[in-house]
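With the hints as extra help, turn the sequences into a complete structure.
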Amino acid sequence: MAINTNIRKVILIRTYSAFGGMLVFACFIIWYLIKIDFIERKKWLNMADSLSTKVFDVAPVRGNIFDCNGNLLATSMPIYDIIIDAVAAKDEEFETGIDSLSMGLSNIFKDKSKDSYKKLITNLRQRKERYHVLHKKASFKQMRRVQQLPILRLGKYKGGLIVENKNRREKPFDYLAERTIGFTQENVAKVGIEGAYDKYLAGTSGKKAMQRIAGGTWISLNEDDEIEAQHGNDIITSIDINLQDVATHSLMNVLKLNDAEWGTAILMEVQTGEIKAIANLSRVSEGEYKERFNYAVGECLEPGSTFKLASVMSLLDDGVIDNNDLFDTEDGSHQYCPNATIHESEGKGSGLINIQTAFEKSSNVAISKAVFNNYRGKPELFYNHLEKLHLTKKLGLQIQGEGVPLIKHPSDRAWSCTTLPWSSIGYEVLVTPLHIATLYNSVANNGKMVKPLFVKKIVNNGNTVKEYNTEVLVEKVCNNETLTYLRKMLEGVVIRGTGSKLRSPYYTAAGKTGTALVADRKHGYKKKIYRSSFCAYFPAENPKYTCFVMVNAPSKGVFYGAAVAGPVFKDLADKVYANSIQLHKELKFTHNHFSNDLPSIQVANTEDIKQVLDKVSISSHMHNDSINEFETDWMQAEMQDNSLAIQPVKTLKSIMPNLQGMKAKDAVYMLEKSGAKVLVEGFGKVKKQSVKAGERINRGITIKLQLS
Amino acid sequence: MNQFWNNIKPRGDQFMWLIILALSVWGLLAVYSSASGLAYKKASGDTELYLFQQCFYLLMGFCIMLIVHSFHYRYFMGLSRFLLYVSYALLLYTLFFGVEINGARRWIGLMGFTVQSSDFAKVAIILYVTRTLAKKQDDIKDFKKGFLPILIHVSLTCALIAPANFSTAAVLFSTCLLIMFIGRVSLRHLGILTLVLGVLLSIMVLVVMSTPEKYLQHLARFLTWKHRIENFSKPPQNDPDVTYQNDHAKIAIASGGIFGKFPGNSTERNFLPEAYSDFIYAIIAEEYGFIGAIILLMLYLFFLYRAMRIILKSPQAFGALIAVGLSFALVLQALINMAVAVNLFPVTGLTLPLVSKGGTSIFFTSLAFGVIMSVSRHIEEGEESLDIKEEVKSNKINELSEIV
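As given, the protein sequences belong to chains A and B, one line each in that order.
Heads up: the first sequence runs through residues 1 to 708, numbered per our numbering.
Heads up: the second sequence runs through residues 709 to 1112, numbered per our numbering.
These are calculated hints, taken from the structure and not from any lab test.
Even for Gly, the Cβ is constructed at its ideal location relative to N, Cα and C.
Any given hint could turn out to be false.
Stated by the list, open to error - Restricting the straight-line Cα-Cα distance to at most 30 Å, the calculated cross-link-like pairs of lysine-lysine (DSS-like) are:
1. K934/B x K9/A
2. K43/A x K969/B
3. K9/A x K969/B
4. K852/B x K9/A
5. K843/B x K9/A
6. K90/A x K934/B
7. K969/B x K208/A
8. K969/B x K35/A
9. K934/B x K128/A
10. K969/B x K54/A
Stated by the list, open to error - Derived CB-CB ranges, DEER-like:
11. M917/B x V188/A: 45 to 51 Å
12. Y952/B x Q400/A: 44 to 50 Å
13. L909/B x E228/A: 55 to 61 Å
14. W713/B x R41/A: 46 to 52 Å
15. M917/B x S100/A: 46 to 52 Å
16. M917/B x E228/A: 50 to 56 Å
17. R168/A x F967/B: 50 to 56 Å
Following this line, the structure appears as structure tokens:
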């Protein structure tokens, strides 16, 4: 057995050495374990924290922007980008689901047909596209519906649906004051209130530590955020969305009517300087206007005749003229310099006129003469006046992008022979529409010039963070005597001057028209492009609002300020008047009413009617053959011997009443009590009803009411 | 029934049985914990699914082990050549018609299971090598009679595995070399072979590394190999994507500390891909600490030590070489898996025998354990009678198996 012993020995030796080799191998493994566990421990633990827990930013909610009555002007809404990873789904799933998926997408987004969706996604899959945006800015509802579709409902890894959440800034009133409310965009200039108050609105993002758990999802490490996100503050602006509505739409109508290039309308509260409405519309295509640029704030232009207020104020305040001074309007033109003649806009002279007539008729010759003659030797005085009226520098508004006015100083190299006379009638000067509005407002405000105010308050959860008070720019723009005179002249413009067409029987107004020739870059003034404006305050005796309207380049042959810009003012003023009872003159009953003066009351709430009749002391009595009045809330009334005979109306809940002439409030109340849904169109009293009187009303039925 | 149980009840080295049991239970716990991430992805959070699955495979494995060990190992020896040819057929089939998973064709569907054919080939070739070694001890130093037949089959098997799973092929080849070394193959032959292989491999690595990626894209798994070699040889700094697996494995080990986070508390299981198979050692180190990791390592080494005792007791016994060969193969696989987890080796895709989550691979591992235990059992039981008589008897059986 010697051989066998030898074999045994060799096998044993080799087995032992192999085992030894394994031990050495094992020692290496242990050494590596020790290295990781003890020597490099810190390094790996630090890395563990950075890999398994991550600090995420918690996005703050951007603050809202409100109008002065708490209506939302701008708010943030979540939107979703729908992205597809066309490779994720398995062949089987893809084949069976692609048809209904395409159909579903087509139904949800309505932007492509079922076939083109199918073609698109199949193509993407062939090209092995893992990230293709199917639809941008989908709403929450749409996103949820997409999540239910075949293939995509399998989720991100198996279905290939990737949803990216973003926030969209939404303006509930769309383009109303759009440019003034503004926007912020990364790497783009910040515009309007959104831009200027970005730091207040934006809030600060918080931090939240998250840990990765099974399935690759992240969960919060702690219940509360490490640093809580500070949500943005809300901003309360001076804008009144109802007035803004009128301003925008009235301006829109005027622009369309005159096929004008652009226009702006400003409504400012006299005492506070609060901007109640500010519309800026530019023509983007034939008959289509949008808010593209804030002309009121940013556009510096030659104002034309509205500037004459500054000239006359200066002349009167300096006491260099009075009402007895007469100015010769010659033949309607006057040459100041070689090749430089000032013409009356109507082309003919008005003889000798005093300053008031000159102003009311907007005489270019008379006013330029007055200024030229009195300031020729010392034009600094005139300039100083303009400087005092804040026309030479920026107003320092709350929103950015304010235009820089250009008014020549006598020491300027650009000062020329024409400067003084032309400046006096609003040429060779560049100011913004808000400058003019602010100037007129100061006259309305008894000489106190206040800065236009856009933002009233910054609030957080109802607590005021910051309040912006009215800022006085100039305590007194001129002496009282001048002020009285100026107001008389401004009233005169509306009563008998260039603005006489804008007179209203209900309220008084005082203002000035302006019709400026626009200097075209190529053709100078020769092309006869006009810029019509109208600036006024109302009511004239106790001014509440100042309004400035400017329409650039009307092209339908009408171009006078009163005719083009005036209607916007009128619409605004009418709306303000209608809405503010305090502006109404007190109505006095000077004579007894007669039967034909009395209102005929259709159907109304009995209590309401009784209250009204008591207030205006009209006698009433129950109708002779009336049923018990307590049976119903509703009544009709008709005249009987100088007294209203009230007759209760029996209403059956299930029968449609005749609502003609009824107030919307009452009609809606009545119908909804019967279980119907009511759609109301228009304003005023009920004119038409979609269900005939006497027909049955079923619960849940929708009834349409047309008001007039 | 009683009779059946008597036949299959665990006999042989009780320590080895205990180690097998310990590894299985430990593996079950580790898989339960580490597969939670997978459970969320594939079974909507149902982690128990993987617990039961692993349980099922392990129980099946135990049945296989018990049944196999109740047979005399000689039957398997007799079958080894047949098994080898079956494995060739399977490997060829897989190579051309297998199911492609992660860009590698390694799997075939078999009776409702997906089977990685290399798992089967591994057991078959090791059985064949040990059997041939045992049978040809007299001519073992002869190149033509002893060395070449073994080398041809080993090379063939590995060549068939390599396209889909190079690392498995390489590890298998090394294991066979180790077994050949123990089986008294000429050191000179082994030396020359190693040298030649080393040169060939270096050339191949050089070629692959210097070929631009675009040419490798369509060449089976060359690109994957290239990346793995690159990552291991020069881990790119500050690029967490590339060193992701290794970093998280190390984080798992380091965060375990000495005593570990205790079972079920791993966090790295959510980050480590294949936490339940390739990197389960890292998860065990995280949950059971440095101590747990060392104990697991020692369990395998102890198993190997016990297997060696068989050869001590009867080095001539035909089965001893088989048991030691198989044990070395299994333990080497375990050590390599651990070496990958601690970043001593590049990623190979080898599992930790009995511990890693696995399906059908557990069956083949169990088959190997069964054969080992069969040897252990018969040697322990026949300790007294083990001498030349046995030798003669086994020779007879060898002749029998030649006929098969």
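Hint-by-hint comparison with the structure:
1. K934/B x K9/A: This hinted pair is violated, its Cα atoms lying about 44 Å apart.
2. K43/A x K969/B: holds (18 Å)
3. K9/A x K969/B: Violated: K9/A and K969/B sit about 47 Å apart, past 30 Å.
4. K852/B x K9/A: holds (24 Å)
5. K843/B x K9/A: Holds: K843/B and K9/A sit about 17 Å apart, inside 30 Å.
6. K90/A x K934/B: Roughly 28 Å between the alpha carbons, so the hint for K90/A and K934/B holds.
7. K969/B x K208/A: holds (25 Å)
8. K969/B x K35/A: Roughly 19 Å separates the two Cα atoms, so the pair holds.
9. K934/B x K128/A: Cα-Cα ~24 Å, so holds.
10. K969/B x K54/A: holds (21 Å)
11. M917/B x V188/A: 45 to 51 Å: Cβ of M917/B to Cβ of V188/A: about 49 Å, so the range 45 to 51 Å holds.
12. Y952/B x Q400/A: 44 to 50 Å: Holds, at about 48 Å.
13. L909/B x E228/A: 55 to 61 Å: With Cβ atoms ~60 Å apart, the hint holds.
14. W713/B x R41/A: 46 to 52 Å: Holds: the Cβ-Cβ distance is about 50 Å, inside 46 to 52 Å.
15. M917/B x S100/A: 46 to 52 Å: Holds: the Cβ-Cβ distance is about 49 Å, inside 46 to 52 Å.
16. M917/B x E228/A: 50 to 56 Å: holds (53 Å)
17. R168/A x F967/B: 50 to 56 Å: holds (53 Å)
Violated hints, in rising order: 1, 3; the structure is consistent with all others.
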